[in-house]
Amino acid sequence: MNKILKYSLYDLVRSRWMFFYFGFFLLFTLGLFWLSPDISKVAISMMNIILILVPLIATMFGLMYFYNSREFTELLLAQPIPRQHIFLGQYLGVAGSLSLSFLLGMGVPFLLYGLTASSDIGLFLTLLVSGVLLSFIFSGISFYIALKNDNRIRGFGLAILVWLLLAVAYDGFLLLGLAHFSDYPLEKYALGASLFNPIDLSRILILLKLDIAALMGFTGAVFKKFLGSNLGMIISLIVLLFWVLLPLWSIRRASLRKDF
Amino acid sequence: MIEIEQLYKRFGKNEVLKDLSLAFRQKGTISAILGPNGSGKTTLIKSILGMVLPTRGLIRAFGEDIRGRWAYRDKISYLPQIARFPENLRATELFDMVKDLRRRDARDKALIELFELEEHLQKPLAYLSGGTRQKVNLVLTFMYDNPVYILDEPTAGLDPLSIIRLKQLIRHEKEAGKIVLLTTHIMSLVEDIADEVVFLLDGHIHYRGSIPQLKADYQAPDVEQAIARLLAGEETTEKAFTLNPS
Amino acid sequence: MKTLHIALSALLPLFALFAEANAKTIVVCADCNYCMPGDAIAVAEAGDTILIKPGTYYETNIEVDKALTIIGENFPVIDGQMLDHIITVTADSVSIRGLQVQNVGLSFIEDRAAIRIEKARHFKIIDNKVFNAFFAIYAANSTHGIIKGNEVRGEAVEEMTSGNAIHAWYCTHLDIEDNELYGHRDGIYLEFVHHSRIFGNKSHNNLRYGLHFMFSNDDQYYDNVFRNNGAGVAVMFSKRILMHDNLFINNWGRSSYGLLLKEINDAEIFHNIFDTNTLGIFIEGSNRITYRENDFLRNGWAIKMHGGCTDNHFTHNNFLQNTFDIAAEARGVDNSYDENHWSEYTGYDLDKDGLGDVPFRPVKLFSYLVNQTPESIVLLRSPFVGLLNFSEKASPIFTPTDLMDHTPLMKPFSRDQKIQ
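As you go down the protein sequences, you meet chains A, B and C in turn.
According to numbering that gives the first Met the number 0, numbering within the first sequence proceeds without interruption in unit steps and concludes at 259.
According to numbering that gives the first Met the number 0, numbering within the second sequence proceeds without interruption in unit steps and concludes at 245.
According to numbering that gives the first Met the number 0, numbering within the third sequence proceeds without interruption in unit steps and concludes at 419.
Isolated chain A (complex conformation):
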């Protein structure tokens, strides 16, 4: 697996898509810092990019990589290695290089603007961690979709649907549900529902740094416990890691059963 990872990284870090991706984050982040000296404003803009664009790009790139390397995958399948290693290696290569582009693209401006020494370091670390986790989660989901669908159009369609659902529609349904049942105690439901969506979870992770004053304004004991201590951060991180492992496990399972 490490060998596959190594060579797919060799391949991917030289890919022009990775350069574009890196360049986009670099210019975007530099642009934000240049336009606004207001750290919180920069953080909010970056948060939107991380919550919307990172999952989308990770999904699309994962599919593209998978479908484009189908023949190469066949070559690898004929080699004396367990087949799940091939896919896990390739997946880690994709997720790793996406994360690398993201980390460098956003991290370099942070360093340039001296944020490592500022009090906002926690917020920016959270942004970076969320971005990396989302890259892993969504490239994993896309790999799984690609493994399950040999038809590219179907694969891309499904992936976009999943992205749309998690990035936008899910919150709409959640809000609808909350508004409709607002006479009932809903805090467990609200928090629980957020756990089932990695994008929501990342958002809450960032909110814990960005808007803690507002989040603390709620009476519910569960909220207070979740948001008021490190518990919220720890649980969010653990569930996000679970979200990373879930596609990984699914990829392994699907790869063992698939015909090529």
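The reader is advised that the hints may include incorrect statements.
[Stated by the list, open to error] Dumping the calculated DSBU-like pairs for lysine-lysine here, alpha-carbon to alpha-carbon at most 35 Å:
#1 Lys208/A with Lys392/C
#2 Lys118/C with Lys208/A
#3 Lys173/B with Lys2/A
#4 Lys26/B with Lys257/A
#5 Lys257/A with Lys12/B
#6 Lys187/A with Lys261/C
#7 Lys2/A with Lys26/B
#8 Lys108/B with Lys98/B
#9 Lys177/B with Lys257/A
#10 Lys2/A with Lys166/B
#11 Lys257/A with Lys214/B
#12 Lys12/B with Lys147/A
#13 Lys98/B with Lys5/A
#14 Lys410/C with Lys40/A
#15 Lys208/A with Lys201/C
#16 Lys23/C with Lys123/C
#17 Lys98/B with Lys257/A
#18 Lys147/A with Lys108/B
#19 Lys40/A with Lys74/B
#20 Lys65/C with Lys224/A
#21 Lys108/B with Lys2/A
#22 Lys177/B with Lys5/A
#23 Lys351/C with Lys261/C
#24 Lys40/A with Lys201/C
#25 Lys2/A with Lys214/B
#26 Lys261/C with Lys208/A
#27 Lys40/A with Lys351/C
For the record, the hints were derived by calculation from the structure and aren't laboratory data.
Please build the complex by placing chains B and C on the supplied structure of chain A, with the hints as guidance.
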């Protein structure tokens, strides 16, 4: 060395292999697996390599059931049909990777020389022509000295000179006592190097025999004609069969 | 009768001079003639000074019933052993300085205090330390006092069983300054206290409020810091309070705020900083109030208005990076929000007069939703909510259409610039 017993493979509703039993035991034999499109050639090869998982049946390689195994693939060299590699890797890196995976002595240097690939080694694979990529593919396949070679359309995209060298290479392996399985659409290649023909039709073996026997059976001057007659005979019987009810 | 009174008043300074001349200093220490502060007070006469040497004196119910100056040397400890009141001042012109008064037990019957001032005038409680007291400094029915430079540290665990650091009841003309107050129920509690000034205090980590006004009029507080209290300052049922140059910071929690205004009329609030509070200012039923030149930074809600509020005027304030700038439940009458700076403002200024050309609506749809269904806060900053806010902005349905800044400032308001 390769034994297949009552192999069935179904993709959805489509039954590709039906009760196929086949063995390749004779060392120093080149078997051409032929058949029309969709007859199950590729599925058969991929089943042997463990890429396609049989619905039913048994495949043994070197005496062992291959289900859930992967180590046996170290003794098989496979030449895939389409030579597409990661775009941003170089040929040397690709060779290094396979060597890294197999960790045995390889004879890639001699093969690179044979196919005159030196000048292309440091270029990203995306910039190589189809023929050159096929040569890279060939080096990848033949760089290990294995008892079994499986070649899927080995001549695709090659220039005549390279084809001649490839044939020499295959004959050389045969003389070294290897089992070579070959699929191709080029009947002259079969005529040239194959010892026997396995003809698949609708997922089972329609014909198996040595080249001289094939020519004799169909009273054909060469393999191409023999196969044509074989197929034509099949068609006429089928037509007759379909015509009957009406 | 009246003339006699005037004559006596005229003679008063003379008496004082006379007393001064005869004033003596009584020393209290373990080996002295007087080994307890109470003994010394018993023999002292008005105008005397009692000097308490370092040591620990276990004594309660010390009544200072004459005009004495009590001075501690290196903070001698007067320990009440959790029993009863420690010092009670019942005479005018008493000054207590440099003592460490500690351990006053809880009582559900009376407001036990470390230092209690009862019906006294011109008292001075200066530079003392009061530790672990139910109530620390308690003034009732007293006027013209100074409570200054004291450090009061309580060990309050819950509101029901704890008292206030500085508590004043029916007092006027108090100066409460430069004290550090923490670990009590309220840092400073004022009930029926008028014409008083509260300034330079640091009130932090108190269970309920940093500073609490009830039914108190014509007071002012300024240059104070209220940090990490249950809520910063609560001003209730009071009139004509001036509030300026205070810092309200990190007051987090459910129904927690930097400043609570409840039934307040005719107040002025200016030059304050509200930083990272759950609610910057919570306004309930308050009228004729001006808010100017304050900074609201990183609060959950900068302003929340509740109940009928009329004539509240916000101008030249800076609203920076608050989760929500303004939430207004009731519509209110004659409130205005013009010429403030809002970091969320995305308009433009083509005529370069420093004022945005399009108005700003500080109330977001999501703020309304959160009000209806508090749990929906988990959707804060969700892209979906962003879409909702955007469409509401384009055509307001749920949010008040008239609540807007018609002329938002393009740049943060700077008081320094104003001076230049």
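For which of the previously enumerated hints does the structure constitute a violation, in increasing order of number?
Per hint list: 2, 11, 18, 19, 20, 23, 25 violated.
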